[in-house]
Amino acid sequence: MLIPKNNANQMRTRILIKIAESYFADKFKNADRIPLELRPKEQQPSRCCIYKDRAVLKYRCMSSLGFSPEEETDELKSLAQYGTEALERTAPEKAQLCVIDIACSACIKAQYMVTNACRGCFARPCQMNCPKEAISFVNGRAHIDPDKCVNCGKCHEVCPYHSIIRIPVPCEEACPVGAITKDEFGKEHINHETCISCGKCLQSCPFGAIVERSQMVDVLKLINETDKQVVAMLAPAIVGQFPGDIGNVVGALKKAGFSDVIEVAVGADITTKKEAAEFIEKMEKGEKLMTTSCCPAYFRAAQVHIPEIQPYVSHTKTPMYYTAELVKKEHPGCVAVFIGPCLAKRAEAEYDPNVDYVLTFEELGAMLVAAGINIDECEPAEFTTMSYAQGRQFPLTGGVSGAVASLVGDKAEVRAERIDGLSKENIKLLKRYGAKGCESNMLEVMCCEGGCISGPGCIALPKKASRAVEAYVAKGEDLNNEK
Amino acid sequence: MDKVTVKICSGTSCFVMGAAQIQALEFTPPADIADKIELVEVRCMNFCKDIKTKYNRGPFVMVGDELVEEATYEKVVAKIRDVIKAGECPAE
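Residue numbers (the working numbering), protein chains in the order written: chain W, 1 to 483; chain P, 1001 to 1092.
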């Protein structure tokens, strides 16, 4: 499901920019003004009143400073104080998505409802097909007894007037693994043990009630206040995320204070080679299936929720892993910052000693805006190591399996299949594939529909971004011709 | 009638604040205006440099010679319809 840009996620960007500006202006001394600036008195409130708008904004600012609203102990603690504490932090906080309880609208439990379009017809297929006898006719119109209804949806399917609608709970609907559920008051909570950090709930909540801890302030401090070498590792989905050429983006990052900028596509080339070799070996051994492993949300989902597919997940590490390994070898003692479209990468980084921080493109954008850096006007710079076409195509759906297949060549038969988007349905499909097998022997699984270019941390339109990535792939050399 | 020119600022600030999303006009414009607009690629139009009145008012989009501040896809489409209706689209 692709989620269009809306007020809720547009506000997220604005908050990040405000926080970064507040850092540059006075190290958060006046940060408590941000909710007031974003919701001035003269504006129409979006929630019940401007005071609630501002209260929610404060929590969203908190998360942009790297704190989880769930852990709030004192409601009167100011944003300035949170800002000071954020700057005292020496390691990133644990990655976590969480619900701002006052912002959660406690949507009614997902249900089917009969609308005015019902004509109380003679055929009454809704009543005939309901397996629980939950439908009766009151005042000449169908009525669903909520105590009997099991939400099967049969009535919705058979109504000739489309008069029965399904009212979903957007976050629960979006979460592929059932990690977000209601408490007794109807407010949503995220189970941190089972959450795969994909960010689908955050993108889909119409009330902007779901936030995640940002590491932006930590990185701002490192590049502006310390002598440490801070190396940016740019995920291959970066191409097309900002106006201007990729060279300008590299220049902008250097201007912002990063000591070096590396393409993660270089690591993706290594992943391609290793995964191709692993595939050939597995097929020679007579194994029936291998799935990709570079999408961290899928990797975690396989571990926790899809034991059937787990044995088939490739053991090859992710592009981020190999890139960080190279970076730490080249610049011992440096701080390695991965910048990508993905929220699940933050969770992956916790298990990777070589990756110190993870930013999204959105956070990077906010940093550049606040620093007054216009990418278009930056002196173009080049990556020191150039990537090949294979590594560059990772962020597109079909890109990873395509890259691996191109290296396998005729050394093994490849029957590739894409799982484009980790939906509830696709998780069921993966369970079946794991348990009963499937026609293909190589499965590419991407949690975000369309690939990483539609990740929750992206700025550009997926369509526009995929064009840019395709053009960059076309400019790359074939990894098969590597010298 | 000449086409209405639409210039979406692609300065970093505008782009990050939401101009990127307005580029949807390039792919799926509403049918009634699809063949009446001409998207012109522009770099930063420097409106953001006017700290006093325009600061933080991005993204900026020029529709014909009218400026849309804090532009969204809907706002821009509405402005395009206005301009077409008024028939005041200058030839470029």
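For the record, the hints were derived by calculation from the structure and aren't laboratory data. Backbone N, C-alpha and C fix where the C-beta goes; we use that ideal spot for every residue, glycine too. Fair warning: there could be bad hints in the mix.
[To be verified] Taking CB as the label site, the calculated pair distances span:
#	chain 1	residue 1	chain 2	residue 2	range
1	P	Ala1086	W	Tyr51	38 to 44 Å
2	W	Ala474	P	Glu1066	25 to 31 Å
3	W	Asn7	P	Val1040	23 to 29 Å
4	W	Asn481	P	Phe1027	44 to 50 Å
5	P	Lys1036	W	Asp74	41 to 47 Å
6	W	Arg432	P	Phe1027	54 to 60 Å
[Said to hold, decoys possible] Taking lysine-lysine pairs in the BS3-like style, the calculated list, with each CA pair at most 30 Å apart, reads:
#	chain 1	residue 1	chain 2	residue 2
7	W	Lys27	P	Lys1003
8	P	Lys1003	W	Lys109
9	W	Lys464	P	Lys1003
10	W	Lys182	P	Lys1079
11	W	Lys328	W	Lys317
12	W	Lys411	W	Lys424
13	P	Lys1007	W	Lys475
14	W	Lys254	P	Lys1049
15	W	Lys464	P	Lys1036
16	P	Lys1079	W	Lys464
17	W	Lys29	P	Lys1049
**Unmet hints by their number, sorted upward, for this structure** = Going through the list in order, the structure violates hints 2, 4, 5, 6, 7, 8, 10, 12 and respects the others.
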